[in-house]
Structure formats: C-alpha cells, structure tokens
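Following the hints, complete the assembly by docking chains A, C and E with the ligands onto the known chain S.
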Amino acid sequence: MIKLSVEVASLTLRNPLMLASGVLDESYESMKKIWNSGAGAVITKSIGKTARAGYPNPVVVNEDGYLINAMGLPNPGIDDFINIIEKLNNEKIKVITSIFAENGDDFSYLAKKAEQYSTAIELNLSCPHAKGLGAEIGSNADNVYDIVKSVKSSVKIPVWAKLTPNIADVSEIGIAAEEGGADAVVAINTVRAMAIDIKIKKPVLSNRYGGMSGKAIKPVGIAAVYKLYESVKIPVIGVGGIESFEDVVEYMMAGACSVEIGTAIARFGVNLFNKILTELQIYMKENEYDSPREMVGVAHING
Amino acid sequence: MIKLSVEVASLTLRNPLMLASGVLDESYESMKKIWNSGAGAVITKSIGKTARAGYPNPVVVNEDGYLINAMGLPNPGIDDFINIIEKLNNEKIKVITSIFAENGDDFSYLAKKAEQYSTAIELNLSCPHAKGLGAEIGSNADNVYDIVKSVKSSVKIPVWAKLTPNIADVSEIGIAAEEGGADAVVAINTVRAMAIDIKIKKPVLSNRYGGMSGKAIKPVGIAAVYKLYESVKIPVIGVGGIESFEDVVEYMMAGACSVEIGTAIARFGVNLFNKILTELQIYMKENEYDSPREMVGVAHING
Amino acid sequence: MRRVTVIETVERENNNTITVRFRDDLCVMPGQFYMVWFPPINEIPLSVSYNGKLKGVTVKGIGKSTKKIVEGAVGDVISLDGPYGNYFKPYGNKILAIAGGVGIASIILAIESFHSMGLDITTIIGAKKYDELIFMERANISSDTFIVTTDDGSYGEKGFTVNIAEKLIAEKKFDSIITCGPEIMMKKIVDISLKSNIKVYASIERIMKCAIGICDSCVFGAYHICMDGPIFTGEQLKDIPDFGKWKHGFSGEKIKL
Amino acid sequence: MRRVTVIETVERENNNTITVRFRDDLCVMPGQFYMVWFPPINEIPLSVSYNGKLKGVTVKGIGKSTKKIVEGAVGDVISLDGPYGNYFKPYGNKILAIAGGVGIASIILAIESFHSMGLDITTIIGAKKYDELIFMERANISSDTFIVTTDDGSYGEKGFTVNIAEKLIAEKKFDSIITCGPEIMMKKIVDISLKSNIKVYASIERIMKCAIGICDSCVFGAYHICMDGPIFTGEQLKDIPDFGKWKHGFSGEKIKL
Ligand SMILES: Cc1cc2nc3c(=O)[nH]c(=O)nc-3n(C[C@H](O)[C@H](O)[C@H](O)COP(=O)(O)OP(=O)(O)OC[C@H]3O[C@@H](n4cnc5c(N)ncnc54)[C@H](O)[C@@H]3O)c2cc1C
Ligand SMILES: Cc1cc2nc3c(=O)[nH]c(=O)nc-3n(C[C@H](O)[C@H](O)[C@H](O)COP(=O)(O)OP(=O)(O)OC[C@H]3O[C@@H](n4cnc5c(N)ncnc54)[C@H](O)[C@@H]3O)c2cc1C
Ligand SMILES: Cc1cc2nc3c(=O)[nH]c(=O)nc-3n(C[C@H](O)[C@H](O)[C@H](O)COP(=O)(O)O)c2cc1C
Ligand SMILES: Cc1cc2nc3c(=O)[nH]c(=O)nc-3n(C[C@H](O)[C@H](O)[C@H](O)COP(=O)(O)O)c2cc1C
Ligand code: FES
Ligand code: FES
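Residue numbers (the numbering used here), protein chains in the order written: chain S, 1 to 303; chain A, 1 to 303; chain C, 1 to 257; chain E, 1 to 257.
Do not rely on the hints blindly, as some may be mistaken.
Ranges between beta-carbon positions, derived for each pair [said to hold, decoys possible]: (1) A53(S) with N302(A): 17 to 25 Å; (2) N103(S) with K92(A): 57 to 65 Å; (3) E235(E) with T5(C): 46 to 54 Å; (4) K68(E) with F268(A): 33 to 41 Å; (5) C27(C) with K94(E): 52 to 60 Å; (6) L54(C) with A53(S): 30 to 38 Å; (7) E115(S) with I184(C): 33 to 41 Å; (8) A53(A) with C27(E): 29 to 37 Å.
Honestly, the hints are just simulated from the structure, not real lab data. Cβ coordinates follow ideal geometry from the N, Cα and C atoms, glycine included.
Here chain S stands alone, though its shape is the one from the complex:
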C-alpha cells in the first residue's frame, strides 16, 4: 500500500508537495484553492510587521525556462494577514507562515503573532532583492544562527530556515540554522539575476535586480539540497524549478524529505499538484516504493 504522507521533523503532511512562498499565497481564496488541488501544505507569502506595497511594475521577466521576479515583498502586514491564516487554520488547512524581518527580535515578534494559526514558521533568510532583508542577512552564518535561535525560543511550533543559493557554501548557513535550533532547512530561494532590455536600455525590473526561479534553477537547487543532506541532520526541504513528478523524485533522491513548488504554477496552473500526486503514485508503484521516505537521499548511496 502506497502512502504519500511524509514527516518533516515532528510534522506529518499528507503528501510531500507544498506551495512555495510568494506564489498565489497572499489571499485566503488562493491558498484554499491550492490546498484543495492537493498540496500537502501551503506556505504563505512572506509577511512583515507592517504593510508593504512592493516594487512598481515591471516586477517579472518571463522567459522560456525561467522567470525573474522582484515583487519587493508586498504584504498587508502581520496584523491584517492574521485574519487570513486564522480562516485557513479553522478549516484545517495546513498553513506554514513565511515571515521576513531585519533581525531576530522582529522575526520572533512575527512568529509569535502567527503561531496560533500556523503549522510551522518559515524564515525567509533568502530573498535576493530586498535591502536589509532576506539574503542580505541570510548569507551570514552568525546572523542566521541568532535569528533562528531567537525565534525558536519564542514559539513552540516548528521553525524552518529558508536558505539562499547566492552563497559560497550553503552548508555553512545550513549548519548555522541547525545549531540555532531550526527544525528543517529549505533550499533554495531564487538566484540573483537581472535582465536588461536593449531597446529600452535599462534593466526591465523596476528594482533592477531580481531573483531567478523556474526550470533553469533546478540544478542549482539539487546541488544545494544534496550538499545540505550531507551537512545537516535536520530534514531538508527542496525547492527550485520543480515542474513534474520526475523533478520531485530527483529532489527527494538528492535528500529532500518534501518539496515546494512555485513558478511552475504559473505555467501549468494549480492543478499541477493533483497531476504530480497522481503521477508520483504511479511512479512509486512501478518502482516499489511504499513511502516517499524510501526515496530520500538514495542518490547518496550510489553517488
């Protein structure tokens, strides 16, 4: 009997596919829709202390094989957003609240606010295009250790640290998160990128720099997950360029116990969750896996 449920440290999810932060997850309706289309959990848009409008348009560059975005962390602020996660939580939807802040105190403040209605907290230590936030603080191991430690001492629900690929050695940051007490690490956020329009003679994104996601970054994510799997003992969650059940299996073999899907939703619609789950089950049957857990890290045995 095939069981799709997975454990991420102390949590049990009905299946290993989650909605990645920042993609169709700023509203109650969208997250509910994605939960209903099969996701094992929904991770919210990263939320801060107060409302942020984000950057002006253009905010995305959509190319074959990849997307570059610089949304600028738009969000209504935690106090407003609480209403949304409360409603989702009341309907037994597994919500993982993603938060961003400048320092450990603010992260803890946000985590405490969200705790009551969240299954877990994901710390955005990795957004590549926001001043004083995300990757700017998340590429320093001491910062990461301090932030994780501070949040862990503030809430009882699991805390995940989402890491940046824009770093010399992702395992150094992963280890800092683990030592800080993180229950899991998530890799990767987007890869720093830029596109210039040669007719307009300027960067397309209003913020100039953005983050690359989608198909093209899958090998970057796989390398990060593989490395983290060998470096930390806590679970690794994989994200970056997943579009198919094969991609899910590849991430799991690299060491991910579960995965998150973002950009592919723009290309294939929310039913992608459903489709991948069906195909994953067929794949598991054919390959005699009873649980996704059996795939986790197998590429290390032969690798």
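For chains A, C and E with the ligands alone, coordinates are given in the frame of chain S:
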C-alpha cells in the same frame, strides 16, 4: 565609420568577442580555428603546473537551455602547453592564458612561464567543482587580493581575475581583485549545479557537482556585471550564456567592455563569432554607435 | 514575450484620455489586454482599443502613472506583453453593450466585431459629462441602436447608464449583455441581468502585477483576473462576494469599493 | 538527450568482446555512435552495431572500463546519449569494406545497408587470430565477396588486411572504400586509396568526453571527431598531420600512435 575594436585597460582587441576558457581551447588547431572565425582573442583552457586528466565521464549534462559540466580541469601542464601558445603567439594570435593553482606562488609561477607568449593572464578564481582550486579559493576576498597581488608583482602583462557567481556579493571579490592590482575582472564562471538521474539513482556527473553554463545563466551574469560596473573602476569583462548579438549588447549595456563566449559554441559552431560580429555591426549602424565603447554601461544611466 | 515597439501616434480623446497607437503583429481578440510599459513610467494593464496592424490602447489619467502618461511624459517606445486574458464571445443575436467612462475602450472592439458579424447591437455609453465621452463615433457606426447618457445631462440623456439599461432590458428581448465600467455600475447591471435571466459578461479590473497567475495581486474570489478573466459571466460573478464590494490594494490589503 | 534504457541481452562475441542489446527508438545511421554510460562504470563512445528497435553496441575489453564491461560488471540499465556523428554514405556501386579487429562493429551496419541497396560489396575482415574474429556470419551474408585474414593464419588467409586490400584494389575497380580498425592500418589503406584515386572513408577514434564539440578532447587536426566525424574522407585525412601518427591523452598531451 564603425570600429569594432575595444580597449580592455591597456590592451586593444580587434573586437569585443573572446573565446571563453575551457571551450575548444586545449589545442593549437582549435584555438587557431576560432581566431580565424573572428574572435578578438582566445582564452586558453585553464592550465596548471602539471598534467591533469580531469574527471572520468560523464562530464557533461546537456539540457535545453543549459549545460552542466565537471571536466575537472584537464590540461597537459604548463610546460607542455607552452608549445601551443608559443605557436599561436608566433602567428600573431592574441592568446590570453588562463591559469589555475592553489596559491599565489603557484599562480605566479604559471603566469611567469606563460608571460612571454601571452597577451594577458586570466586567473581562474572561480571553477566551482575542483577541490582546493577555483571558487574554493576565489570566494575569499583576502585570498583573491593576495593571489592577484602576487601575480601582478611577477609579470608585466595584464592580469584579469575571473570571478565566481557562487558568492553572496560579487563586488566584494571584485574590489579585492582591483585592490590587488588586477587590470580587469571577468564575470562569471559557471554556477554550481547538479543533475541526478532518477533511473540510475545517482548524480550524472562522475564528480557529482558541476557548473552550469549557457543561456540559463545569462541573467546571473548580467546581474554580476552590472554590480561590478558600479563597484570597481577597472574594466569588467562579461561572460555567461551569450548566444547572440543581442546578448553581447545586453552585457555591454550592463557594463562589460568586452565579452567571452563558451557554451554557445557547442550549439551554434565556431562560426558564431563571425555571425555575431556581422550582426553587431548592423546593429551598431542602425543604432548609431560608432564604437562598442559607447554601449558600455548605458543601462546605468537610465537604470 | 515582452517586446518593444515604437509609438506611431498619440491621439487625444479628451483632456484626460489619450490613445497610443503602435505596430504589433500578434492576434488580439476583443476584450483582451496588454501589459504596457511606458518607460520611465510603470507598466500597467490596458485593454486593446484598436485592432489590426496598428493597434492601440486608450489611457485615462486616474493615478500616478496614468496621469504622467496622459500628460505625454512617455518616450518613443513602449514595451508590450500579452495579449492576455479571455475575450468577448457573442451569445445570441441581440446584444446589449453598456460602457461607463473609459470602459468603452475595453468593449469597443467587441461592439465592432459583433456588428461586423451581422448581430443586432444596442450600445449605451455613459460618462459624467460631455467632455468625458470617447469613441462616440466608432460606437455609433457599429451599433443598431446607440444611446448616450451623461450624469449632468450635458450630452444625450441625463442620468445613468444603469437606468436606461434597466428600461431597455424590460422592453426588448436581449440575448446577452456585455459591460465594462465602474464596478458599482457593473454590479447593478449583473444583478438586473441575473434577475431577467439574460447572459451577462463583465470585464473586471484588479491590480495586475505579474499577469501570469503567480503573484496573487489580481485575486478575485477563487479566480485571478489575469488567468480566468478579465471577463466573467453573471453565474461566476454571483458567487464572488468581493464583486462590487471589495478590491485589494498593492499590499494585498482589502479596500472597500 | 541522455536517456536510460534496460539492457535486454548481453551476448559474448569472443572471450574479450560482448554485444549489449537494448531498446532505443531513435533512428541511427550506419557508422554513428552513442555515448553509453554503464553505471557504475564510465561513459564511453561506442558505434552502433545493431540497428532497428533492439539496438546493440559491441565492446572490446581494452582498458579500465571496457574490461569491466566485458567482464559483466554492468547494472541492469544503461544511459544513452546520441546517436552522434556523421555516417557512411555509399559512393558508387562497387564498394570495398575493410575492418580490423573490433572495427567491424563500426562498419557492419554500412555493409548490411549497402548490400540491401543492391550494391556490390567486398569485405575484408582481419584479426590477430581466429578467436578475435567477430561478426563473420553477418559480414559474409551481406558481402558479394568475403575475405578473412588472421595475422597468425589461424583462420582465413594468413597476413594483414592491408596486403589483401592492396592486391584487390589493383585488380578490381572499386568505386569507394570504407574502413575502420587500428589507425596504422587505416593510414595505409587511405594512402593506397589516394594513390589509386579511389574515394575512401575511414572511421577515426579519439578520446571523447563531451561529444558535443565543447571540450576539445577529440581534436583531430582542424576537426573534432564528435562534430565533424567520426568518418573522414581521404581528402580530409591527407591534410591532417596527426592521422596515423599522434593522438591526445586525457590531459590533452600528445601521444605517439
Ligand atoms: C484588465 C484591465 C484592463 C484595463 N484597461 C484599461 C484601459 O483600457 N484604459 C484605462 O485607462 N485603464 C485601464 N485599466 C485600468 C488601468 O490599468 C489603471 O487605471 C492603471 O493601472 C492605474 O495606474 P496608476 O499608476 O495611474 O494608478 P495608481 O496611482 O498607482 O493607483 C490608482 C488606482 O489604479 C488602479 N491600479 C493601479 N495600478 C494598477 C495595476 N497595475 N493594475 C490594475 N489597476 C491598477 C488601482 O485601483 C489604484 O487604486 C485596466 C485595468 C485592467 C485590470
Ligand atoms: C566514435 C568511436 C566509436 C567507437 N566504437 C567502438 C566500438 O564499437 N567498440 C569498441 O569496443 N570500442 C569502440 N570505440 C573505442 C572505445 O570507446 C574505447 O575502447 C573505450 O572508450 C576505452 O575505454 P577504457 O576505459 O576501457 O579505456 P582506458 O583504460 O581509459 O584507456 C585505454 C585507451 O582507450 C581509449 N579511450 C579511453 N577512453 C576513451 C573515450 N572516452 N573515448 C575514446 N577513446 C577512449 C584511449 O585511446 C585510451 O588510451 C569507439 C571510439 C570512438 C571514438
Ligand atoms: C513571484 C515570486 C515571489 C516570491 N516570493 C517569495 C517570498 O515572499 N518569500 C520567499 O521565501 N520566497 C519567495 N519566492 C521564492 C519561491 O518561494 C521559491 O523559493 C523559488 O521561486 C524557487 O522555486 P520555483 O522555481 O518552484 O519557483 C518567490 C518566487 C516568485 C517566483
Ligand atoms: C566545458 C566547459 C569547460 C570550462 N572550463 C573552464 C576552465 O577551464 N576555466 C575557466 O575559467 N572557465 C571554464 N569554463 C567556464 C566558461 O569559461 C564560462 O565562464 C562559462 O561557461 C559561462 O559562459 P558560457 O555560458 O558562454 O559558457 C568552462 C565551461 C565549460 C562549459
Ligand atoms: S497579476 Fe499576478 S496573479 Fe494575476
Ligand atoms: S568530445 Fe568534446 S569536443 Fe569532441
């Protein structure tokens, strides 16, 4: 009158297109062929002190939109390779010798050996998949400063530092290279990546980790060049994913005074140099640029 | 695919509205929109108001960027993305089109296309005052019955489109209704249509950022304007609590309409 | 595109050579090769020796990986990339095929295909001794004239393929020659053909790493085996100083043949 020649610090090249290190540049015949097809200079495969066989096959993963390679720096060693660059140099072919080593002394040793027959030296501080070499030393600003300084004090020809994108802030390394005395910085080398075959259940590359190149990394290269252009005063040379004259223009507008082309040669053949040069000339005429120099950094004026 | 095209002409429709024409070879259907970037100004969604080789968009100055655009602070080129969205399809033979303000820009192509298919078109165009009326001639030529209303009576019938529409719907037997304009107006029209059992299609606006169904800024009930709209049917709209009541701001916060 | 396929059969051709069969639906032309990865062993270039649905490659144990492959230390699956390279096209009606050792694996499909086109094929197969001869039956069936040589005379004529070939070329009027085998042998055959003014095509080997024209390991004069070969004409070969004299090792160093 359109002139394609460009200056890279004290050097003058007949046009801004160079062959990137590692691509069809381990043999006299191939480099000569590429020079004849129009390149403004050829950069050699990175050469070390002694012969290295490189990693066993598979050494490449070739996908739509990107390539992942882990050749393992195969090269016949500087003493053997000298014969090749001597021959090229005798034929007035502009050869830039790329070298790799573990420390400043070895880099200087190699640079001195190559000096007589080279137009410039490119320091590979960025190969993402070789133990104790490349990016492993090139992601530390102090190392980079020391190596560049050491090489600069050993040779009189220009020294370029080739940087890794696998870093939190490329400008930090660029500034270290500049302070060490580098005549130019080159960005980017490949992006750390991995592919796992889910049927074989192991990483495809024998070295497991490799470096991603090709179309998909262009936005990563553009972001690095744009950042460097604002951070250093020495010339910036752009490389990563260039396939067309539009890509060349995009890099130049981002701040590159010249560019290098690698992976695209596998897709489009060596005549790509010729093709791009022709198209670039037409583009410059239509847009009233008399010299490539006029395009350099224009995206910063509006950006 | 984002592409850059040269602005061929800029026509002033009235003192707060302009039409920008440019070449674009892609096929556009009535009611679809482009994401148009006017560097150095923002990128915004705009319905296609002229079809064919020399396409056009019509912009009303209502905020930060649109005002600058209408003032003419645009460069020589614009960047286009799209066309995005679904489009108006004719339902039945007798169709009522109701436009409020610059909303006519979103349905003028549908009116012209339905007319050229030989359908019977009744058009009601409404605006606050005479100065704000646009595309009157185009709409008139392509309509079998053509009615103009102004709130202040400075042109055509004095009053609101909704009142005229309600009367007409009661009198004539329309097969379907298409509408674009202020959401409050569209809400009333949709309610009337649903009560009268007439198919209705309304073009809805929400803040567009990505236009590819990823950013959630255009969320509209369980739908997204960019993926499922901008045109929604009465059946869809009656189940969307936000319709006519709430929209989201740039931060995702809820704003009363 | 690299793809994984299940090994269907492994046949032993002699005590140092095996043929591995597997499904692959891509179209392969005679003389083309795959990059075949036998995990946990290396990936190596191998000519396609069986065509159709159940394709095959034939491996001689000569070094680190090939010996392990021949010993059977392969898994259940292999990964294929390709087919790569150019292929043998028939020139004229009367064709001489000359194979040395496992070289027959690279030209057997050409012999079979030329034969099925109704061309007149003369085949010379050579090996050191009887044990090393492979594909004799296949070659025999598809050849109008079939000659076997062994260096030690343990089967067929005693001596070298080159000597037999030289005699035949002098006697009969061949339109073209195809050959694969040790490079020293091919060099002699190419020299004879050029002297006799007969078109000649030889399949050349160099170290293959990338197979896509990027790594320079297979450089061969101004050519690359993976992009311009593996089959070269006499006209090309006469201008390549390395031919029959030098190859490159894994580090790119020159090695005397
Ligand atoms: C599908 C669609 C088609 C449209 N077609 C037309 C048209 O043909 N002609 C026309 O004049 N207008 C059209 N609009 C509305 C137009 O996009 C907005 O008026 C414009 O974006 C306002 O920009 P601003 O910077 O001037 O506004 P701001 O000063 O930024 O804000 C004013 C108000 O405009 C709206 N708005 C702002 N930015 C956006 C955005 N990116 N997307 C949607 N609404 C926004 C918000 O409600 C906001 O409260 C359309 C909108 C949509 C969604
Ligand atoms: C186009 C082409 C078609 C070929 N077809 C066949 C065939 O059908 N049957 C067959 O048995 N052999 C064929 N070969 C040769 C075969 O690829 C080599 O025998 C094999 O790669 C040796 O691997 P190894 O690890 O056992 O050798 P090693 O022990 O690594 O080295 C022994 C020698 O084998 C050669 N070699 C090693 N690796 C490679 C490589 N990656 N590419 C090319 N040569 C290499 C070198 O000359 C080396 O000196 C072909 C080669 C080429 C280039
Ligand atoms: C439009 C967009 C917005 C995003 N916003 C966030 C965010 O707010 N917080 C965050 O941690 N990651 C954010 N991400 C990153 C994704 O969660 C994910 O890590 C990344 O896109 C790689 O996955 P993908 O290739 O499946 O999209 C965003 C990505 C996109 C494309
Ligand atoms: C097969 C291969 C081998 C490479 N070897 C080297 C090398 O030896 N030294 C080096 O500095 N860069 C090496 N590179 C990196 C390229 O020079 C270049 O920085 C990178 O591939 C990005 O450019 P591209 O997308 O045009 O290939 C190699 C790249 C490839 C694809
Ligand atoms: S505009 Fe982003 S989801 Fe519709
Ligand atoms: S095998 Fe790499 S160039 Fe031919």
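Here is how each hint holds up against the structure:
1. Taking the beta carbon of each, A53(S) and N302(A) are about 23 Å apart, inside 17 to 25 Å as hinted.
2. Roughly 59 Å separates the CB atoms of N103(S) and K92(A), a value that falls within the hinted 57 to 65 Å.
3. At about 51 Å, the beta-carbon gap between E235(E) and T5(C) stays in the expected band of 46 to 54 Å.
4. Hint check: K68(E) to F268(A), Cβ distance near 37 Å, so the stated range 33 to 41 Å holds.
5. Checked against the hint of 52 to 60 Å, the C-beta distance between C27(C) and K94(E) comes to roughly 58 Å, which is consistent with it.
6. The hinted range of 30 to 38 Å is satisfied by L54(C) and A53(S), whose Cβ atoms lie roughly 35 Å apart.
7. Taken as a hint, the range 33 to 41 Å holds for the pair E115(S) and I184(C), whose Cβ atoms sit roughly 40 Å apart.
8. Checked against the given bound of 29 to 37 Å, the beta carbons of A53(A) and C27(E), roughly 35 Å apart, stay inside it.
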